Amino acid sequence: MPTTDMLHQPYASTMGPLIIVTVTAFVVMILEFLFRRGDRRWLAGISLVGVALALAAALWNFHHDPAIALNTVVVDAYGSVFSVLILISALLVLLFTLDYSGGTKVASEHTYLILFAVVGALAMATAVDLVTLYVGLELLSVASYVLVALRRHSARSLEGGAKYLLMGAVGSAVLLYGMSFVYGISGTTNLIELGSNGFTMYNNYPAITVLAFLLMLAGMGFKLSLVPFHMWTPDAYDGAPAPISAFLATLSKAASFGMLLRMLLFAFNAAATQLFWWAGVLAAVTMVVGNLIALPQRNMKRLLAFSSVAQAGYILVPFALIQTSHFNDWPGLFDSVSFYLYAYTFMTVGAFAIVYVVSRARRSIDSDALIGLYQRSPWLAAALTVFVLGLAGMPLTGGFIGKFYIFTDTIHLHRAWLGVLLFVTSVASFYYYLGWVRKIFQREPVGDIQPIRASGTMNVLVGLCVLGTVVLGVVPAVLLHPLQGSGWLY
Amino acid sequence: MVEYAWLVPLLPLVAYVFLLVLGRRAPEGIVAGVSVVLTFIAFLVSALVFRSVGQNPDLTGPYVFHWLTVGSKSLTVGFEVTHLNALMLVVVSLVSTLVLLFSKGYMHGDDRFPVFYQYLNLFVFSMLALVISPNLLQLYIFWEMVGLCSYLLVGFWYFKPEAALAAKKSFIVTRIGDVGLFVGIILLFLASGSFDYSTIFTAAAAGKLSLGWISGSGLVTLAAILIFVGAVGKSAQFPLHVWLPDAMEGPTPVSALIHAATMVAAGVYLVARCYPLFQLSPAALSTVAWIGGITALLAALIALTQRDIKRVIAYSTISQLGYMMMALGVGAYAYGVFHLMTHAFFKALLFLAAGSVIHAVDTQDLFEMGGLYRKMKLTAWTFLAGALALAGIVPFAGFWSKDDILAAALESGHTVLYAFGLIAAFCTAFYIFRVYFLTFTGEPRDPERYEHAHEGSWVMTLPLVVLAVLATIGGFFNTPWSGYGLERYLFADSPQGSIGVTTPENVGLMALSVVVGLLGIGLAALMYGRRRRIEPEKLARGASFLYQLSYRKFYLDEIYYFVVVATGKAIAAVVDFVDRYIIDGIVRLVGWVVGLVGTGLRYTQTGQVQAYTAVAAFGVLILVAWAMWSIGGVL
Amino acid sequence: MSGTFPIPTGSLLALGAILFCIGLYGALTKRNLIIVLVSIELMLNAANINLVTFSRLGVAPNISGQVFALFTITVAAAEIAVGLALLLAIFRVRRTTEVQDLDVHKH
Amino acid sequence: MQFFLNAPMIGFYIISLCILGCAVMLLSFQRVIYMALAIGGVFIGCAAIYILLGADFVGAAQLLIYAGAITILIMFAIMLTNHEAADPPHKWTPRNILSAVGAVLLGAVLLLVIRSTTWPPAVDADVNGGNSNPVAVGLALFQNYTVPFELVSLLLIVGMVGAVILARERKEDEDE
Amino acid sequence: MGIVFWIVLAPVIAAALLAVVPGIKPNAQRTLGLLGSAVSLVLALIAWGRFQYGTSGFQEISRVHWFTLPAVWQQSDLSIGLSFGLDGLSLPLVLLAAFISLLAGLAAPAREGRTRLFHLWLALATAGVLGVFTAMDLFTFLLALELSLFSAFFLILQFGEAGSRKAAFKFLLYRGLASVLFLAALVGLAYGAAGGFGTTQPDTQGVIQGAGTLTFDISALMDTLHKASEAYFIPHVRSVLFLVLLLGVLIEEAFVPFHTWLPTTHEHSDPATNMLIGGVLTKTGAYALLRFGVGFLPGEVRHWGVLIAVLGVINILYGAFAAWAQKDWRRLIAFGSISHMGLVLLGVAALNPAGLQGAMFMMVSSGLLTALLFFLTGAIQARTRTTLIPALGGLSKPMPMLSGFLLVAALGSLGLPLTSGFISEIQAFIGGFGTYPGISFVGVIGIILSAVYLLYAMERTTFGPAKQVYTGLADATPREYVPTVVLTALVLIIGVYPGVIGNLFGLSVQALLRIGG
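So the protein lines, in turn, are chains U, Z, E, R and L.
Those letters in the first sequence? Residues 1 to 490, per our numbering, in order.
Those letters in the second sequence? Residues 491 to 1125, per our numbering, in order.
Those letters in the third sequence? Residues 1126 to 1232, per our numbering, in order.
Those letters in the fourth sequence? Residues 1233 to 1408, per our numbering, in order.
Those letters in the fifth sequence? Residues 1409 to 1925, per our numbering, in order.
Derived from the structure by calculation, the hints contain no laboratory data.
On a predicted model such as this, the values are computed, not experimentally measured, just so you know.
Built from N, CA and C at the ideal position, the CB exists for glycine as well.
Be careful, since some hints might not be right.
As the list claims (entries may be wrong) - Taking beta-carbon pairs under 7 Å as the criterion, some of the chain U residues facing chain E (in silico): (1) V131; (2) L158; (3) I185; (4) T273; (5) W277; (6) R298.
Just chain U, with the same shape it has in the complex (with noise of 0.2 Å):
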C-alpha cells in the first residue's frame, strides 16, 4: 500500500466542486445557527452561489486531463459528467426550496442538508474506493432521511422519513455486505486495484463474486427504486416536502446511478458479461411493474414517485447491455445513461415543481386538481405538457432521444427484447403521462377559474427545466458532444 504525499495531490481539478460544496455547507450551516430569527431564505442565495461556483469548476473540469487525489477521488470525463449532472439538479432544487420554503414552513436546515447531501453525491460520482463510495452515499442517505422527515409535525413527512430509513438502513446493509465479500476475495477496496485483478477474483472465486455483485446491486436497487425494492419510493416521496421529492428522483438518482456503474464495472469488469444479464432482469423488472402500478394512482406524487420507478428501469437497460458487449463500448452505454439522466432530471424536477404550484392552489394532490389547468395558467400548463410528454418520450424533447439513443444500445448489443420492452412499456406510460393532459386541457366550466399563479422563482425552475428538455430534444449534440470526449481513464 503506497504511503501518499499528502501535500501534493491534484486536488484542485478532482475535488473542487467538492470542496467548494463543503465550504457552502458549513458557511450556511454557521450562518443558520448564527441568524436564528427572520427569514433566512437569502441562505438559500448563498447556497445557491456555492453550487454555481462549484458547478462552473465541475465545468472546468472538462478541460483537465483525468486526475486522481488520494487514491480515492478521481475526476476523469466521467466523474464530470455525472457532477455537473449533480450540481444541475441541486441548483434546481435549491430553487425549487426557494419557493418552498417562502410558501410552506418547514425547517430551515433544509439548505445544508441539502448541501451536505450534494457532497455525498459529489463523492459518489466520484470515488473510486467502495469505502469512500460508502460513506458518500450513506451521506447522502442520512442527509435524505432527515430531508424526507422535515416537517416534522406532519405525520406523512416523519413515516416518509422512517420507511425510507428503514429501507436505506436495509438496502445499505445488504450493498454493505455485498462489499465485503469483494473486499474478501480481492483484498482491496480501491476500485482502480480492483479493476485490474478482476480476472483472477472471477476465475477463483466465481460464486462469490456472482453473490457479491446480486448484494450490491440489490443494495444500491433500494437507493435507484429498482423493482423489487422500491416500495418504500411512493410513501417518501410523498410525505417529503415537494423539492425533496424532486431531490430524491434526481439527484439522489443520478449520484446512485454514478456510483453503480462506476462500482459495478470496476469491480466486475472481468466478469461483465456473466453478472449484467441479471441486471437486465431488474431492468426488465421495474420498467414493467413501475408503469403498471402507475396507471391507476391518482395522486399526482406517487403517480411521479411510480414514475421515476419507471425511468429507472429505463436507465438500468444500458447496464444489461454490458453482458454483450466489449470494454471498449462502455463508454457509450454511459453515454445513454448520461444523457437520459439529464433529460429524466429537468423533466422530473419540471414536473416535481409544477404539481407542487398546483396542489398548493387548488389544495389537493389528486390528479383532478390539473383539470382546467390551461385555463388557469397556460405558462403551467404547456411547461407541464411538455415535462410529462418527454417522460412519455415524445420527440422534441430530450426524453425521446434518450430513449432512442438506450434503445440503438439494446439493437447495438443484442438486447432488442429489453429495447422492445423498454418502447412497449412506455407506451404503456402513454396512458398515465397523458391522462394528465388530457385533465390539462379538459376545459371546466367557466366561472370557476381562478388563475394559478406561480412566483418568480418557480417561473424560472419551470422555465429552466423547460428549456433543458427542449434543448437536449431539439438540439441534443449540446450534451452529446461533450459526452462522447467522455469516458474513463480510471
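The hints should help you fit chains Z, E, R and L onto chain U, whose structure is shown.
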C-alpha cells in the same frame, strides 16, 4: 366516316355536360330539345358509320390512346367499330332519340325534369361508349356506368321507398354478375397481356392463352363463363333476373330505354362481342344456351299471371333476352343479334305504349284499366303492333328473329331447348295479349281513371308510331327477301365468313311457331277477350299451386332473401358481434387486466414498511438463489 | 509470524451470514421501531464481521478491512442516531413506536 | 476444512454461541427493554470476535460505539417513548412464517455459497505492517482513507444536526 | 435545405407561430394554420412540377445533420439527421396529405376559444405525416410518426365528442405500439444491414462481432439489403424482423384483428379530425409496408405472401361485413376503409407491378374518398345532429347537393369505374390474381359487399320519404363546396386519367420490384 364514330357517344356527353351546366332550373323545352337534337345527330352519325362500315369493312381498326402503364403493359382507351357494334350504335341511338322525345311528354312537370334528362344523356353516352369500346377494360368501365345510370334512374323517384329499394337491388344484383366479368377480364389480361379484344381473340385462337394454374382450354372456358356471368347479371338472366321487374319502379321511358331496348341487351352484346372466345369452348356455349333457354321459359311462365303492366313486359323482356342468349348458345350468332335488334324496337314500343297508358290512367295495375281503346286509339294500335311482333306473328319483326332462333335450336340438336322456346312462345303470345285485352278492350274497371285518360301529345305519339313501324318491318332485314342482309353484314366481322350456324328456311317450323303464337292469342282472347269463355279466376283457383308459383315468381325473391340476403345480414351481424364483443372485448379485457394488475400492484403498497422490506428481501433471495442455481456448483 | 490462523474462514463467514439473516428476520417481524433499527444494526455487524475476517484471512490480508469496519461503525452510529430522533418525532406526533402503525401512506 | 480444537477455536465457538444466543434472545423477548439489553450482548460478542481476529482497535471501537453509545442511545429512546412497550407473545402468523422462510432460505443460500467456496489458506498474516494495530489503522486512515474520513465527519455532523432537528421541540414551526 | 424540407417545416412554423403569437382572432389563427398547409401544398405542387419522371430514386433531397450518437458498437458513430426526399411513392402521398390537411383545416368550424389549439395540433399532425411520407432515413421516419401520433391524439381528445377520451387513448396506445414495433424492426434492419446480426460466431466472451457501417439512410439500406441480405441475416432473424414490421403495419393501419381503434376513433372524433385520420394518417402503415416491407425485404414479402394475401382478403371481407352491420355512418366509413386497405395488403402480397401500383392507387383513393365521406357526413351531422343511419332518410329533398356528393363518394368507394376507387381495385386484383388467384377469388366478393353496405346506407340516408324534422335544412354552403368539389374532382380526375399520379409511381414501383429480383 368510321374515324368519326367517337362523335356518337360524345354528342350525348355534350348534352349531359350542357344540362349539368344549365342546372336544375333549366326550362323543359331547352333541356329536352338539346338532348333530342344531339342524340338524333348521334343517330345520323351512327347511321353513316353503319353505312360506311358496310361498304368498306377494312376501315374498322381500333383507334387507341395510351391511358395507363401497369408494369410493362400499356393500357389503352379508344374506340373501334365493327359490324356488330355499328349496328348496335344505330339501334341504341335510334331508340334513345325516340325515348328522349317521348320523355318530354311523359316527364312533363316533374320537379327534376332536367336531372332526368341529365341521367338519360349520361346513360346514352355510357351505352354508346360501351358499344364502341375496343377493349374489355373500357367495356367494363362503361358497363358499370350504364349500371350506375340505371341505378340513378330506377331510383329517380327517390322518395318512394320501393324505388330506393329497387335501385339498390338492381345495382347489387347486377354487380354480382359484374364481379364475374371483372374476374374474367382480369384473367384474360393476365393470360394475354392485354385487354384488347383482338389481342385476346388472336391469342385464344392460337391456343396461347395461358396461366400457370390452369390449362389453356380450361382458361378459355373459365373466362368465357365468367364473362357470361357478367352478361347474366346485366341481361337479367336466370338466376340473376330478379332485379329487372323491380326496376320497373323507375319512370317508364327508363324502362323502355334501359330495361328493355339497350342496357339489358348489353349482356347479349357482350357475349356476341366475345363470340370468338365462346366458340372455342363448347362448355361455355352450352352454358349460355341452357341459361338462356331456362330464362326464356321461366320468365314467360311468370309473366302469365302478373298484374302490373310493366312487370309483365319486364318478364317478357327477360324471356326475350333468354331467347337471345339461347341463340348465341346454340351457335346462332346472327339470330341472337337479330333478335336483339327487333326486340329493341318492339319492346321499346311496348314500354312506351304502356307508359302512355300509365301516363293516362296513372296506375300500373292491369285490373284497374280496361276499355282504353276508345280513348287512346293510337296507343292501342301501336301496342297491338308491338304485341304481335312479340308474339311472333307473321310478318312482324319478332316472328323472323324468334323463328330463326327456334329453328337454330332444333337444328343444333337442342331439342329440349327448342321445346322450352316453343312453350315460352306460347306463353308469350298469351301474356302479351292478356295485357292487350285487359288494357284496351272490355269495360273500364276503374271509371274514374278511365275518365281522365287521354292520348299524349305528339312527342309521345310520334315515337310510338316510329317504333310501331319498325316493329312491323324490322324483321325484313334478315329474310330471304333481303338476302339475309343482316347475317352477311355481321359475318363481315369474321375473316372466315359465317360466325356460328345459320339455318335454312324451314316453313314447317315457321308455321308451327305461328300456330303456337295464335293459340296463345286465342287463349288470351278466350280468357280476357270481349266474350269470356274461360274464367281466369276459376283457372287460378283450379291450379292454385301453379298459379301461385307463377304469380309469386317461383318464390325466387323469397328464396334469395333467405339464402343470400338474410345469410349476408346474419354474417354481418355476427361479424359486428365478434368485432364489438370478441375482438374489441379481448382488447378491453387486456386493458382491463392490465389495469387490474396495476390496481393489484397498487394495493401491494400497504403502507407497511415491513411488508415492503419483506418483498425486497424476497427479491434479494430470488436473485441470489436463481443466480447460484444458474452458475451451478453451489445449489 | 506466518503460521496458520486457527479459526477457519468459513466459520467466521457463516457466523456473519447467520447474524445477517437473524437481523433480517428481526427487521421483518419485530413490531417496535427501535428493535427494527437494532435488527438492521445486526445486519451491519454481520457485514463488519465479514470485513474484519477478510482483513485477516482474505486473499490479501491487509488493514483496509478493519478501516472499512470502523467506517461502518461510525456510519451506523449516525444512522441510528437519526433513526432514533425520527422515532422520537414520530412518537410525538403519533404516540406510538410500533412499525405497524406507520400507515398513513397507502396505495 | 479440518476440524480441530484449540484455544482460539473454543473461544470462537463460545463467542459465536453468545452472539447468536443474544441475537435469538433479541428476537424472542417480549419486553423491548430486554431486547435492547440483548443487543448489547451481540455487540460485545462481535467486539470479542474482532479482537480474536487481531483487530484490536476495531474491537475497541465496537465496544465504545456500539456496546456503549448506541446501546445507551437505544435505552434512552426506549425510555423517552413507551418504555413499557412489549411485543405480544411470538406467534407463527403468516407474516412471521414467511419472514422466517425468507430469512432461513437466504441464510441457507449464503451458507452454501460460503461452504462451497475454497477460501485461501488461513495464513496467520501480519496486517499491521509491523506497527501496533491502532497505529496501522491510523496510518491507513490518513494515507488511503483521508477522503472518507473527512466525509464521515460530515456524516456525523449531518447525523447530529439531523437528530437534533428531528428530535427537538421547536416553537417556530408549530403553526404549520 | 431543399424544397422538401420546407414542405415539412411549413406547418411546423405555422404551429410554432400559433403557439407564440398572442392576441390574434380565431379567424386569423385559422388562416395561420391553413397557411402552413397551403405553403406545403404549393411547394409539393412545385415539386411535382419539377419531378423527374425518368428516375426511380429519391429526388429533391434535403439533409440536415442533427446530432451524432456516439456509437457503442464498433466505434463507428451514428450520424442522426433529418433527411427528406421525394420519389414516386412519396410524392402522391405528400400531395394527398397536404391537400387533405388543408381541406380539413377549411372544414373545421370555428371553435369557442379553441381554434388556436385545433390548428396547432392539426399543423403538427400534418407536419408529422408529411415527414413520414418524405422521410429518407429511418430516424426521420420514426420521429415524424411519433409527431403525428401525439398531435392526432390531441385532436381526437380535445375536439371529439362524448367518448373521445377513450377513443383517443385507444388510438394512442395502439399506434404507439405500432411505432414501437416499427422502431424495433427498422432499427434492427439497419443494424442487420451493417452486419450487426452477422453470421460470425460470438467470440470467447460471448460478444458478437459485426462489420460494416451503420446507416439509417433508406436508399442505402435498400441497396445493401437487396444485395446481401443473406450474408447479414440468419434467415429466422430476418423473418422475425419482417414479422415485427408486419405486425406494426397491421396495427398502424388498423388491420383485422388489430383494427378496433379505428372505428372507435372515427366514431368519436369531429369531421375535420376524421378527415385527417381517415384520409392521411391511416395510410402511413401501408406506406411503411411498401417502403420497408417491399423495399427492404422483398424476399420475406414473397415468403409470407400467402399470409399477407389471406390477411388482405380477411380484411376486405371482414371490413365489408362489419360495415354492413353498422348503424353509424362514421363507423361504416371506418370499416369501409379497413376493407379498402385490405386490398392494399393483397396488392402488396402479389409483389408485381400491378399489385403494388394498385396498392398505391388505393392508398391515395381511399384517402380522398374517406376524407370526402367524412366531410360530407360531418356536414350532414352539422345539420341533422346525427350520423346514425336509421335516424336519417330522405335527405335528397332538403339537401340535394350534399346528397349528390355523398352518392358520388359512396360510388367511388364501391369502386365504380371513372372514379379513383376502380383504378385501385382493378390493379390490385390484377396483381392479386396474377400471384394468388384462389385467394383473390374470395377477395372479389368484397366488390359486391362494398356495393351492398354503401348502397344500403345510401338508401336509408338520402333516399326514402323526406323526414319532417329535416325539412328546411339548408344545403351545402359555399364554404362547404370547396372541400367537396376539390375532393370529388380529384377522385374523378384520377378515375378518368389515372396516369396523372400513376406515372409518378410507376417507376418507383418497378424499382422496388427490381430490387426484389
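Evaluated hints:
no.	hint	verdict
1	V131	5 Å, holds
2	L158	5 Å, holds
3	I185	6 Å, holds
4	T273	23 Å, violated
5	W277	25 Å, violated
6	R298	10 Å, violated
Of the numbered hints listed earlier, those contradicted by the structure are 4, 5, 6.
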